[in-house]
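**Student:** Going by this note's numbering, the letters in the sequence shown line up with residues 1 to 112, in that order.
Do not rely on the hints blindly, as some may be mistaken.
No more than 30 Å apart at the CA atoms, straight line, and that leaves these computed lysine-lysine pairs for DSBU-like [claimed, not checked]:
(1) 18 x 6
(2) 31 x 18
(3) 18 x 4
FRET-style restraints, in silico, Cβ to Cβ [to be verified]:
(4) 63 x 40: 31 to 39 Å
(5) 85 x 59: 31 to 39 Å
(6) 111 x 84: 35 to 43 Å
(7) 21 x 60: 53 to 61 Å
(8) 61 x 100: 52 to 60 Å
(9) 9 x 41: 44 to 52 Å
(10) 31 x 8: 28 to 36 Å
Hint data in this document are derived by calculation from the structure and do not stem from the laboratory.
Glycine residues also receive a C-beta, built at the ideal position from the N, C-alpha and C atoms.
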Amino acid sequence: YLNKVKSLANINIDLRQKIVNVLQGNVEEEKSNSLEIKFNHLRQELNDELQRLISINVRLQRADYDKKYYYHKIRSFSNSNQRQIMTQQLDSSLYELNLLKEQYTKQQENLQ
């Protein structure tokens with residue numbers, strides 16, 4: 001009878017150890033799943049941040065391009081505007097010069 005009790009006690013110990021092992025396996029699996037979920041969440045956050053960073057970088061490049069484009073456009077317009085102003089000044093000066101020539105010619109004729 002004692003041998004049977006000892007045998008049952010040993011079987012009980014083995015069964016308890018198996019239960020502990022199964023429970024530890026479940027806990028480790030839950031930890032692994034929990035870590036995997038956290039890892040996937042962090043990966044998604046990283047992807048979102050990278051997308052925002054890329055979007056900002058593209059917008060900065062576009063703004064830089066627009067700045068250069070409008071700078072050259074304004075400069076070109078300014079040069080064109082200056083050219084037009086200088087042409088008008090030249091025309092005005094030529095007109096004045098022609099008037100002075102006519103007056104000079106008339107004065108010379110009057111003196112003769």
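**Student:** Next step is simple, just say for each hint if it's right about the structure.
**Tutor:** To see whether the hints hold, each was checked on the structure:
1. Note on residue 18 and residue 6: the hinted pairing holds, with a Cα-Cα distance of about 18 Å set against a maximum of 30 Å.
2. With a C-alpha separation of about 20 Å, the suggested pairing of residue 31 with residue 18 holds against the 30 Å cut-off.
3. For the proposed pair residue 18 and residue 4, the alpha carbon gap of about 21 Å is at most 30 Å, so the pair holds.
4. The supplied range of 31 to 39 Å is met by residue 63 and residue 40, whose beta-carbon atoms lie about 35 Å from each other.
5. A beta carbon spacing of about 37 Å between residue 85 and residue 59 agrees with the range 31 to 39 Å that was offered as a hint.
6. At roughly 40 Å, the beta-carbon separation of residue 111 and residue 84 lies within the given 35 to 43 Å, and the hint holds.
7. For the pair residue 21 and residue 60, the supplied restraint of 53 to 61 Å holds, since their beta-carbon distance comes to about 57 Å.
8. The hinted window of 52 to 60 Å between residue 61 and residue 100 holds, with their beta carbons roughly 57 Å apart.
9. For the pair residue 9 and residue 41, the supplied restraint of 44 to 52 Å holds, since their beta-carbon distance comes to about 47 Å.
10. At about 34 Å, the beta-carbon gap between residue 31 and residue 8 stays in the expected band of 28 to 36 Å.
Violated hints are absent here; each numbered hint is respected by the structure.
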